[in-house]
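Taking the hints into account, I'd like the entire structure generated from these sequences.
Chains as they are written, first to last, in full-length UniProt numbering: chain A, 1 to 442; chain B, 1 to 316.
Certain hints may be false.
Computed list of lysine-lysine pairs in BS3-like fashion (alpha-carbon distance at most 25 Å, straight line) [unchecked claim]:
| no. | chain 1 | residue 1 | chain 2 | residue 2 |
| --- | --- | --- | --- | --- |
| 1 | A | 66 | A | 349 |
| 2 | A | 440 | A | 50 |
| 3 | B | 65 | A | 441 |
| 4 | A | 440 | B | 74 |
| 5 | B | 65 | A | 440 |
These are calculated hints, taken from the structure and not from any lab test.
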Amino acid sequence: MKKSKFLSVVGIASLAAALLVGGCSQSSTQQGDKVELYMGYTSDPPTKKKMEEIIAKFEQSHPHIKIKTVTAPYEDFYQKLTTQIAAGNAPDIWQSDGTKVFGFAQRGAIRDITDYVTKEVNKDEVLGVEFNKDASGKYWGVPQGIQVGALFYNKDLFDKAGVAYPTADWTWDDLKAAAAKLTLDASGKNADDPAFDKNAVKQYGFTFFGSSRGAFNIMKAYGGGVLDPTMTQSIIDSPENKKAVEWMADGMKRKLFPNPAELKAFQSNFKVFLSGATAMQIDIYAATTSMNGAGLNYDVAPMPKGPDGKRFAPVIANSWVINKKAEEQKVKAAQEWITYWTTSDEAQKEWAEVGEAIPVKKSVANSEMFLNPSIKPDNKKVFLDSLDFAGTIDTNAVFAEWLKVVTDNLAELFMDKMSVDDYISKTDQGVQKVLDDFFKKQ
Amino acid sequence: MLEIPNKLQAQPDVKKKRKWLDSEGRWGLLLVSPYLIHFLVFVVGTSLASLYFSFSDYDILNPPKWTGLDNYEKLFADPLFYQALWNTVYFTLLYVPAKTFLALLLAVALNQKLKGLKLFRMAHFLPVISSWTVIAYVADAVFNQRIGFANAILAHFGIAPQSWLIDEVWVIPVLVLIAIWKSVGYMMIIFLAGLQGISNDMYEAASIDGANAWQKFWRVTVPMISGTTFLVIILNTIYSFQNFEQIFVMTGGSTEAGSTGGANNASLVLMLLMFRQGFSFYKMGYASAIAWVLFLILLAITLVQFKLQKKWVHYD
Chain A
1 MKKSKFLSVV GIASLAAALL VGGCSQSSTQ QGDKVELYMG YTSDPPTKKK
51 MEEIIAKFEQ SHPHIKIKTV TAPYEDFYQK LTTQIAAGNA PDIWQSDGTK
101 VFGFAQRGAI RDITDYVTKE VNKDEVLGVE FNKDASGKYW GVPQGIQVGA
151 LFYNKDLFDK AGVAYPTADW TWDDLKAAAA KLTLDASGKN ADDPAFDKNA
201 VKQYGFTFFG SSRGAFNIMK AYGGGVLDPT MTQSIIDSPE NKKAVEWMAD
251 GMKRKLFPNP AELKAFQSNF KVFLSGATAM QIDIYAATTS MNGAGLNYDV
301 APMPKGPDGK RFAPVIANSW VINKKAEEQK VKAAQEWITY WTTSDEAQKE
351 WAEVGEAIPV KKSVANSEMF LNPSIKPDNK KVFLDSLDFA GTIDTNAVFA
401 EWLKVVTDNL AELFMDKMSV DDYISKTDQG VQKVLDDFFK KQ
Chain B
1 MLEIPNKLQA QPDVKKKRKW LDSEGRWGLL LVSPYLIHFL VFVVGTSLAS
51 LYFSFSDYDI LNPPKWTGLD NYEKLFADPL FYQALWNTVY FTLLYVPAKT
101 FLALLLAVAL NQKLKGLKLF RMAHFLPVIS SWTVIAYVAD AVFNQRIGFA
151 NAILAHFGIA PQSWLIDEVW VIPVLVLIAI WKSVGYMMII FLAGLQGISN
201 DMYEAASIDG ANAWQKFWRV TVPMISGTTF LVIILNTIYS FQNFEQIFVM
251 TGGSTEAGST GGANNASLVL MLLMFRQGFS FYKMGYASAI AWVLFLILLA
301 ITLVQFKLQK KWVHYD
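Structure, rendered in structure tokens:
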């Protein structure tokens, strides 16, 4: 009897201990005078190694701060982060995908850092600060790395077809005319040839898909778009959008651009360009890593102009954001980290080396180090110049949800199962419903 | 899971009346406590939490706000819910009978004394242990619009190429076909176990009575393995309603957020709708409501199947 009593006591005690340990994992974080800053970021092996090096340097020059990190590949990181936020043990500062910043902000997960940004961040020296400003003028993050879209083109395919490379003066119609010459059927005839076989396209002229790489850019260049500046109203039902959508649908019908089914046949949308099956594609700076890896002979040109000369390049400003629940002391430490990140040549150059984003410090972005002519694409300056006419892809709290409506309907249109007029009205209503469901509730 | 049919047999009550928590009872409790605690915390606890979430507005990042039946009202007014429900039912209607029949056929075939029997059994079981990502690549070799050999065969007969997995008409049948190929081996093994439990005497007796092979199959094999068949049908139905990974992997389209479910949501099933609402759109309350409706539907179907089994399942 005694033994069993003892055993049950031990059992219950150890269980209670296990529960307690789980419950108090984030206990005291201050060791001596040091502030322990809990930081989250997405990574793959090379970026993780680089980030660790930069953190070590930061800790050297900021001996009062000790950084503890949580990191994982993209999808896993955000899944974990979401549960951490729910459980109240999220990092004090984390690197947010540019498309998610307003989602975190509008759901009350991150801190309004307007005060810090206006006082401490020099907009003349840091790229893309404005992209984290909402309609009411509040800042929610500071760029960690910038992604800008541009027109990528395969030089070999242009040379083979004898078509001149894209220039900064191109309009979307110029692009389409070139795309027709670069779209080839199985027997090598291009789309301008009357004998061109639409059912046996072997090479496409131009590819676009998704949001930052997709229709959104063309609608913007035509003077349209998806959301109004408050990001709460759909502006899809406009003559400008209709013209842009007609332009796209026409290219799909002529088979100059692969439709969603044809894209699917490549297993990954990115493979079309990577495998040399399309002459042009809209993509962002991050894509250069895999293109260089594939040994592609390519370059970039600015996004073409719309009929009225308007130009648009998509921007995703991946940013440092601060947890709304972080203690003041940690907020200070987080801001020190952000200041270090955006102003230190050392950190910026180190980070630029992994090649996954445009450095946010303007002097580094404009330096020989980033514009390095020995690494493709030759015309990297296009990315920097494009910032003059760049904008976000209308990211707000329900970005993923309205984007789903837009892309689903576009797929129907491109598969020739919906008319342009139906597309416009159906998408407009669908997007507005998503917006109302979220914002009217607030 | 194999024991489900046995549980139905009434167990004679031989338990002694015992004082609550005598030494033996406490030992027993202590020994099962790892499982019990896991069950209470991770099964009962999370289920109750999700039940609560289903009556609340919950975006994961903020505490849930009680909204009563709001999510359920929205759900029953959502055309996508009905589309997902129909897609799920359609998948099940194609999947369960075809797979059950095929698994039985294979089991009977591989229950013969064949040369290379083990090789055949292994060949059918191999897809079961492969991951969906691998299966998706293999399936792509068949159903890829551009390079797949399904279209190559069609072209031989002068039929235009189909875009299988992105075609609203084809997508579910093709997914069912691939799902059957992947998992039929597992059900085949269950049937094999059932078949091997049939005593040879029965067949001998049937032979003496002059039964031919077909009659032996219908009059001996089928009734003798009806318990196994019942189990296979139940498992297949549950699997089919809960199918997520395959559809996520095969009709995901791109890595862009929320892009799962195929063209015009033609392959959007309930599990996918739930995932999309909960994890892509941060509507965990709504997703929980879907989960509970899915659970109730599955429960109802399983109960009906249990009721019906009395008419055709023999346990002897």
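Structure-based check of each hint:
Between the alpha carbons of residue 66 of chain A and residue 349 of chain A the distance comes to roughly 22 Å, so the proposed pair stays at or under 25 Å and holds. Of the pairs offered as hints, the one joining residue 440 of chain A and residue 50 of chain A is violated, with about 43 Å between alpha carbons and a cut-off of 25 Å exceeded. With a CA separation close to 12 Å, the supplied pair residue 65 of chain B and residue 441 of chain A stays within the 25 Å bound. Between residue 440 of chain A and residue 74 of chain B the CA atoms are separated by roughly 16 Å; this keeps the pair inside 25 Å, and the hint holds.
Between residue 65 of chain B and residue 440 of chain A, the direct Cα distance comes to roughly 16 Å. Compliance with the 25 Å bound is thereby established for this hinted pair.
Violated hint for the displayed structure: number 2, the only one.
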